[in-house]
Amino acid sequence: MTTKQNTDNYYVPGLSHWPITASLAIGLLGFGASLTVNHMTGGNILLLCGFLVLFFMFAGWFSAVAHESESGSYNAQVDKSFRWGMSWFIFSEVMFFGAFFGALGYIRLYSIPDLGSLEHQALMWPGFKAGWPSAGPHFSTSGFSPMEAWGVPAINTGLLLSSGVTLTIAHWGLLKKNRTQLIWGLAATIALGMTFLVFQALEYSTAYSEMNLKLTSGAYGATFFMLTGFHGFHVTVGTIMLWVILFRSVAGHFTPEHHFGFEGVAWYWHFVDVVWVLLFVLVYIL
Amino acid sequence: MSTVTHDHPHDLSHDQDHDHHDHKPTGIMRWVGSTNHKDIGTMYLWFSFTMFLVGGAMAMVIRAELFQPGLQIVTPEFFNSMTTYHGLIMVFGAIMPAFVGFANWLIPMQVGAPDMAFPRMNNLSFWLLPPAAFLLIAAQFAPGGGAGVGWTMYAPLTTQAGPAMDLTIFAVHILGISSIMGSINIITTILNMRAPGMDLMKMPLFCWTWLITAYLLVASMPVLAGAVTMTLTDRHFGTNFFNAAGGGDPVLYQHVFWFFGHPEVYIIAIPAFGVISQVIPAFSRKPLFGYASMVYATASIAILSFLVWGHHMYTAGMPVETQLYFMYATTLIAIPTGVKVFNWVATMWQGSLTFETPMLFSLGFLFLFSLGGFTGLVLSVVPVDVQLQDTYYVVAHFHYVMVAGALFSAFAGIYFWLPKWTGKMYDETLGKWHFWLSLIFFNITFFVQHFLGLAGMPRRIPDYALQFAEFNKISSLGAFGFGLSQLLFLYVVVKCIRSGEKALDRQWDGADSLEWTHLPSPAPYHSFTTPPKL
Ligand code: HEM
Ligand SMILES: [Cu+2]
Numbered sequence: 000m001t002t003k004q005n006t007d008n009y010y011v012p013g014l015s016h017w018p019i020t021a022s023l024a025i026g027l028l029g030f031g032a033s034l035t036v037n038h039m040t041g042g043n044i045l046l047l048c049g050f051l052v053l054f055f056m057f058a059g060w061f062s063a064v065a066h067e068s069e070s071g072s073y074n075a076q077v078d079k080s081f082r083w084g085m086s087w088f089i090f091s092e093v094m095f096f097g098a099f100f101g102a103l104g105y106i107r108l109y110s111i112p113d114l115g116s117l118e119h120q121a122l123m124w125p126g127f128k129a130g131w132p133s134a135g136p137h138f139s140t141s142g143f144s145p146m147e148a149w150g151v152p153a154i155n156t157g158l159l160l161s162s163g164v165t166l167t168i169a170h171w172g173l174l175k176k177n178r179t180q181l182i183w184g185l186a187a188t189i190a191l192g193m194t195f196l197v198f199q200a201l202e203y204s205t206a207y208s209e210m211n212l213k214l215t216s217g218a219y220g221a222t223f224f225m226l227t228g229f230h231g232f233h234v235t236v237g238t239i240m241l242w243v244i245l246f247r248s249v250a251g252h253f254t255p256e257h258h259f260g261f262e263g264v265a266w267y268w269h270f271v272d273v274v275w276v277l278l279f280v281l282v283y284i285l
Numbered sequence: 000m001s002t003v004t005h006d007h008p009h010d011l012s013h014d015q016d017h018d019h020h021d022h023k024p025t026g027i028m029r030w031v032g033s034t035n036h037k038d039i040g041t042m043y044l045w046f047s048f049t050m051f052l053v054g055g056a057m058a059m060v061i062r063a064e065l066f067q068p069g070l071q072i073v074t075p076e077f078f079n080s081m082t083t084y085h086g087l088i089m090v091f092g093a094i095m096p097a098f099v100g101f102a103n104w105l106i107p108m109q110v111g112a113p114d115m116a117f118p119r120m121n122n123l124s125f126w127l128l129p130p131a132a133f134l135l136i137a138a139q140f141a142p143g144g145g146a147g148v149g150w151t152m153y154a155p156l157t158t159q160a161g162p163a164m165d166l167t168i169f170a171v172h173i174l175g176i177s178s179i180m181g182s183i184n185i186i187t188t189i190l191n192m193r194a195p196g197m198d199l200m201k202m203p204l205f206c207w208t209w210l211i212t213a214y215l216l217v218a219s220m221p222v223l224a225g226a227v228t229m230t231l232t233d234r235h236f237g238t239n240f241f242n243a244a245g246g247g248d249p250v251l252y253q254h255v256f257w258f259f260g261h262p263e264v265y266i267i268a269i270p271a272f273g274v275i276s277q278v279i280p281a282f283s284r285k286p287l288f289g290y291a292s293m294v295y296a297t298a299s300i301a302i303l304s305f306l307v308w309g310h311h312m313y314t315a316g317m318p319v320e321t322q323l324y325f326m327y328a329t330t331l332i333a334i335p336t337g338v339k340v341f342n343w344v345a346t347m348w349q350g351s352l353t354f355e356t357p358m359l360f361s362l363g364f365l366f367l368f369s370l371g372g373f374t375g376l377v378l379s380v381v382p383v384d385v386q387l388q389d390t391y392y393v394v395a396h397f398h399y400v401m402v403a404g405a406l407f408s409a410f411a412g413i414y415f416w417l418p419k420w421t422g423k424m425y426d427e428t429l430g431k432w433h434f435w436l437s438l439i440f441f442n443i444t445f446f447v448q449h450f451l452g453l454a455g456m457p458r459r460i461p462d463y464a465l466q467f468a469e470f471n472k473i474s475s476l477g478a479f480g481f482g483l484s485q486l487l488f489l490y491v492v493v494k495c496i497r498s499g500e501k502a503l504d505r506q507w508d509g510a511d512s513l514e515w516t517h518l519p520s521p522a523p524y525h526s527f528t529t530p531p532k533l
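Those protein sequence lines, which keep their order, are chains R and Y.
Those letters in the first sequence? Residues 0 to 285, per numbering that gives the first Met the number 0, in order.
Those letters in the second sequence? Residues 0 to 533, per numbering that gives the first Met the number 0, in order.
The shape of chain R in the complex, shown without the other chains (with noise of 0.2 Å):
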């Protein structure tokens, strides 16, 4: 089949089934997902087939952008365009982001003074007292202590920021083609970003075995949790995708004048700091 149908000017890429694929792993995953939420049967394993198929076609699909990247069939045009790609999905991701905090500010600012009211305590939630953190009216009573700042998430705080200073050695590293500093900046960022997820872990279980404080506490709990594991799950994907650059680095792969794929991890790892410093502030101080 026809690979590259021209290449003065532009790169485009021939027939893929990669898409398809992508296709098919979501449509497994959706429904998967609906049956399971539901205990249906069947439900397991179209999910694991689903994230099966669709490792399989993250694993084919990045390793032939970056063998094509490799061969050298980007030119300078198709590096901007990746580089207003991934500047525009971070937006996106922003934007997601933006609705769980959106809320969170709803919740503190509107819903439980509403419900602490006068015309609510009287009517329908006696006693109820306003405040924050609260699991509102009903849960109140089950109690339930908050995630202290000054702890672990301190300490976090300090693992993430650090980690995009060393990630900005390794990046040093790579331009003034200092093989070993780029290697070296990235297995740090790497450990520190899965310290951070070990920490992450076991402060979800202090807070599940010791603070009775769960998903189901109310309107803190559901914050409290969907908002650091929306993050966590983002750390998660980018220690993947920090791996991914680590073994294409030991590999050779990348030159000063040509590493998007460096750069856009990197560009999504400081995202997800930045929202990480917005949580710290949001969730954990006030």
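The hints are simulated quantities; they were obtained by calculation from the structure and are not laboratory data.
For each residue, glycine too, the CB sits at the ideal point set by N, CA and C.
A few of these clues could be false.
[Unchecked claim] Rough simulated footprint, nothing fancy, chain R against chain Y, three-plus residues with beta-carbon under 8 Å:
| hint | region |
| --- | --- |
| 1 | 75 to 88 |
| 2 | 93 to 104 |
| 3 | 273 to 284 |
| 4 | 459 to 472 |
[What the hints assert, rightly or not] When the alpha-carbon atoms are kept at most 25 Å apart in a straight line, the in silico DSS-like pairs for lysine-lysine are as follows:
| hint | chain 1 | residue 1 | chain 2 | residue 2 |
| --- | --- | --- | --- | --- |
| 5 | Y | Lys423 | Y | Lys501 |
| 6 | R | Lys79 | Y | Lys201 |
| 7 | Y | Lys423 | Y | Lys23 |
| 8 | Y | Lys494 | Y | Lys431 |
| 9 | Y | Lys532 | R | Lys79 |
| 10 | Y | Lys23 | Y | Lys494 |
With chain R fixed as given, assemble chain Y with the ligands onto it according to the hints.
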């Protein structure tokens, strides 16, 4: 635009020497594995038309039940499910993919690029639609039937609905992923793939409208994903986002949804503006009046659209100050919209007009979309909306902007570009028949709904009080007529593809964008493999 058009030789095949290497891949992989913006555009358009028929069939069920008062044909549960999936399928399955199909076909040709910036991702954006459609249709067969929650999917109804709701939620997620990827592709293509000399302010207005729409999609779709994710966790994982007992609030859902929802209505309307802005100048044989002001007006509509969501929630309980803010902000949108309508009319002023089918649909758009805009303005006034909220007046309003607006403009676009796409002409007489039938039946269906709404008939109800019987009968008859007229459209398109007369390279002498001036008809499989000289 004049630099683009005039001083160019009309012997088009020289630039392109397309005859030699215009080979298409064959077999199923041509479509399944496509990286060709034209093939992908074609798939989008056919998918959209299929969904249009599915959603249309649901509308027929709705109007059949409402033909007379009382419960005749379907159960109330099924009726609610029909209104829900009719809305979702028409918005996400028919209208949006139709305009993405236009974007795929036209943007690379109009900016002088060989293809979209990310051809494989482009194909994935399309191929995510069938699984999403599958989930929406599977929802009908879930235990308990489809979710009768309305296309707006308000909590707490959704947090209590059956398994169909989860299929719907995941369908929305998949549609969102598809839209975001498609938009990133469009933005990147426009910003980075323009031929040298194609400055942003020289682009055909269709490209501008899609650039702005894509921005709206990237900014708003993730918020919808957030809203339905919260619904999902409230349903199955014990969160309390929309549960007052847990400190949440069902009204929170409405805020998050409409923060997406109002930009969404402009996601539907703005590409329609783009099509109209290409068609009217072509049939007026004049350049578009006020090109720059069109760009600025579109951009201001886009910005304002994120600031007015509260006009859907006047009656949900909000302080008077907030109502006032949303009312003033909403009425502000009338200004850039007015600029656009003025410019379209001014484009026709002293033009040498002809009235082929695309122009007829554009004029239909102009009159009826403006009418829908006016009823929107009426609804934006708080004390009026308090009366009209959730009545058929609102249904009339949004069908004027979405059917006579977006859908008519899609028809205009199809008739306009069919010669370029297929290299053949459609049957002008039948096209005109399609227009007049659609126009008349549309108004029979929806004009009377204004009066039903003003008289107090609630929307999303399978039965109604006896005094509404006459107008509902009229509306239903109109709807059946409108539905049947669309089969004529299918016939016209198929006839054009199979046995249309050969079209000219520049079928419309007033059309001046690159696909008409620099490319033959049909456009070669690979166009602009080297940048055109502008
Ligand atoms: C001047 C422009 C417009 C104004 C001032 C306006 C205003 C409004 C208002 C105030 C409502 C809420 C009515 C209610 O629920 O009580 C509404 C509903 C709606 N509008 Fe518009 N609108 C405008 C243009 C549009 C456009 C261009 C579209 C789509 C193409 C659109 C689609 C809708 C839809 C779908 C609804 C109903 C949502 C639902 O299901 O509740 N509107 N509009
Ligand atoms: Cu609105």
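Indices of hints not satisfied (ascending): Failing hints, ascending: 1, 2, 3 and 4.
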